[in-house]
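> Each chain is listed here by its residues.
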Amino acid sequence: MATVTFDGATRIYPKTEQAAVDALDLEVDDGELLVLVGPSGCGKTTTLRMLAGLEHVDEGSIRIDGKDVVDLAPRDRDIAMVFQNYALYPHMNVAQNMGFALRMAGVAKAEIDERVRAAAKILEIEGYLERKPRQLSGGQRQRVAMGRAIVRQPRVFLMDEPLSNLDAKLRVATRAEIAALQRNLGVTTLYVTHDQVEAMTMGDRVAVMKDGLLQQCDTPRVLYEDPVNAFVAGFIGSPPMNLVAGVVESGGVRLGSTLLRVADGVPSPPGAAVTVGLRPESLFLAPAAEGIPATVSIVEELGAEAFVYAQLVSATGAGNGLNVKGNIIARVEPSTAPRNGEVIHLGVKEGSLLFFDAESGDRIRRRGE
Amino acid sequence: MALPRRHAIQVVALVILLFFTAFFFVPMIWLFLAPTKTDGQLLTQSPFAFGSFHTLAQTFHRVVTYSGHSVLTWLKNSAIYSFGGTALAVVAAIPAGYGLALTQFIGRRLLLSITLVVMIMPATALVLPLFLEINKLGLYGTIWSLILPFGFFPFGVYLAYIYFSSTIPRDLLAAARIDGAGEWAVFRYIALPLARPIVSLVGFFAFVASWNNFFLPFVMTYDSSQYPLQVGLQQLIGSTASFNPANFSAGSSIVVLHRPDLAMAVIVAIAPVLIVFLFAQRALVSGMLAGATKE
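Heads up: the protein sequence lines correspond to chains A and B, in order. Under the working numbering, the very last position in the first sequence is 383; numbers go up by exactly one each time. Under the working numbering, the very last position in the second sequence is 321; numbers go up by exactly one each time.
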C-alpha cells in the first residue's frame, strides 16, 4: 500500500526542446486507481516509465510513500508493470513468467509455486501454467501479464495500455475485471490509456494530459461536467463535446447567423469571442425556427440511441482548430432520427452550455460556478 | 504469343542454372571420387569414374599412417585450436554484441565503428604484428598463440549486435529490470536464453574461420607436431611425388604420397566442419531467419 507523488517531475528527451513531461504535479492516493489519459505523444507513458525508473527524471522528484525514488533502480522501487505488448519472457512458461520476480527476490521455490498458483486462480489461468506465451491467445497473454504483476504483491501497479491489443469485446470485459481486481487487491495503480472511455469507466480519478502538461485531474464525473478547458471538454465524452465558435451578444451568444438565447447568462461581455461547448446529449430536436439550424450529414443508429452528425447552416468556423468546419453531433431518440440531408433545428437544454476563451481555450465560468 | 515466350525464358533460365550447378559440382564430385582411384587411374579414367572401395581403403590407410599418424595429430591440434578459439570467441562476442545493442554507455558508437572496421580488415594483415606480440608474451609455440587470436572475432560481435538489436524487444528487458533483475541477471536469464540461435551461428562461423585458417598457424607453429591440419596439408603436398618430381629420385626413403592421397586428406580436413554444420544446422537456420517473423 502506498501513495505516489509527482513533484514538478520533468522529462526532456535528449536533442529535443520541449519537455515530454513538463513539471508534473500529481498525487495518487493509497489504493487508488488513477488513469492517465491523453492523445499519443502527450507524455502519459513517459510519466509511467519515469515512475518505473525506466526513464530518467530531469527535474523535480517522484516519491513513493514519501520517499524519493528518482535515484533508485527499477528493481528497488517495489513496483510491477503491465506492458502494452505484455513483454512476457518468450522462453519461459506461464508459471516461470509469473514467478520470475519472486525468483529474482530469492523466494523459496515452494512459496513461489504457491503464490503463482494463487494468482493463476484469481485470473483463471491455472490450466495454462505449463504453456509458453506463444501458445496463448491475446487475452490469455494479457492475463499472464496481469498475473506476473499481482504475484509480486508490489506497492504500486503500473499499467501501460494493457488492453490495446485485445479485440473490442474482450477489452470491455477485461477492463471491468481489471478494475474489480484492483479494488479487491487495493494496490495503488497508475493506468495509462489513450481511450477516454477506458479512463472514465476504470479510474477513481482521471488525469488528462496534453503536450506533456497535466490539464486536469479529477473524478470522471467532474471531468465530464466541469472541464477546466476546451481540450478536456473535447477529449472526455463519447461522442465528444461540440465546440463551436461564437460571439457574445446581450442575452445570448451568436453562432454564425443564429442567436442562441442563454437564459442563465453568458459570463463574458458582449462582443467577446468565445468557444461554446455543447454536449451531444444536451441537444434536442427543436421545432423549426427555434434553435440552431443544421444540415444532417450522417445518422448513426445504435439501437438505444442515435447520433446525428450535422453541419451548422450558418457556421463561421470555430476557434482552437477544434471544430473548424462547424460540425455538430447531437444525440436523439432513434424514433425521431432525421434523414441524411434534412435540415434540422437543434435546441439546447438549459444550463448545459459551457464557455471557453476563444484564444486560450480556458474555461470562462459564471459567477459562483 | 505470350505463352511460348514465357516458356523460352524458363528454358534459358534452366540452362543457365544447370550450367552453374554443374560448374560448381564437378570439382566436388571429382574430389570425392579421386581417393577411390590410383594415381594412374586418376589420369587415365573418366573424371567421374569410380575406382574401387579397395583402393579407397588403401588410400585412407596411407593418409592416416603417413609419417607416424601425423594426420591424426594434426586433426587433434586443429580441434584444440578451433574449439578453444571458438569458445573464447563466443564468450566474448555474445556479451559484447548485447552490450553494444542494448545498453547505453560512452563510446558505444565508436566501439561499434571499430568493430566494423576490424571486421573488414583482412586477418592476414594482422599476422605479423600478432606474431611479434605473441613472441613478446612468451606464448610462441604454445596453443595460446592460436587460441587467443582465434578468439578475436569481430564478425561475431557484429552478428550478435544485429541479433540483439533487431529481435529482443526493449520492453522485455525493462520488464525484467522491474521484476527485480540486475543487469547481469537480465543478460543471464532473459537475453542469453533468447540468444541461443545466435550463439550457434557465431560459434559455427568462428569454428569454420579458425579451422580453415592457414596463414596464422603456419606462422605460429614451428614443429610438425604442433601443426593443425591446414598446415599439415601443406606438408603433404611437399610429400607428393607428382608435385615435386625432383625430391623423389628412385630409392629415396621419404614416404611417397600420390594425388588421390591428397584428395583423401582434403576430405578428412573438411569432414569435421561438415559434421559440426549438421549438428548446428537447425539452430543455424533459425539464427539466420531470426527477426524475419514477429513474435
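It is possible that part of the hints are untrue.
Beta-carbon label-pair distances, calculated as ranges [as the list claims (entries may be wrong)]:
#, chain 1, residue 1, chain 2, residue 2, range
1, A, E31, B, Q130, 54 to 64 Å
2, A, R148, B, S192, 33 to 43 Å
3, A, R235, B, Q130, 20 to 30 Å
4, B, M145, A, K135, 47 to 57 Å
5, A, D90, B, P219, 47 to 57 Å
Just some of the chain B residues that point at chain A, by a computed CB distance under 7 Å [as the list claims (entries may be wrong)]:
#, residue
6, A200
7, I204
8, A217
9, L220
10, D249
Worth flagging that the hints you see were computed from the coordinates, not collected in a lab. All C-beta atoms in this analysis are idealised placements derived from N, C-alpha and C, irrespective of residue type, glycine included.
> All hints are to be evaluated individually against the structure, with a verdict given for each.
Here is how each hint holds up against the structure:
no.	hint	verdict
1	A:E31 / B:Q130: 54 to 64 Å	violated, 21 Å
2	A:R148 / B:S192: 33 to 43 Å	violated, 18 Å
3	A:R235 / B:Q130: 20 to 30 Å	violated, 44 Å
4	B:M145 / A:K135: 47 to 57 Å	holds, 53 Å
5	A:D90 / B:P219: 47 to 57 Å	violated, 24 Å
6	A200	holds, 5 Å
7	I204	holds, 5 Å
8	A217	violated, 10 Å
9	L220	holds, 6 Å
10	D249	violated, 47 Å
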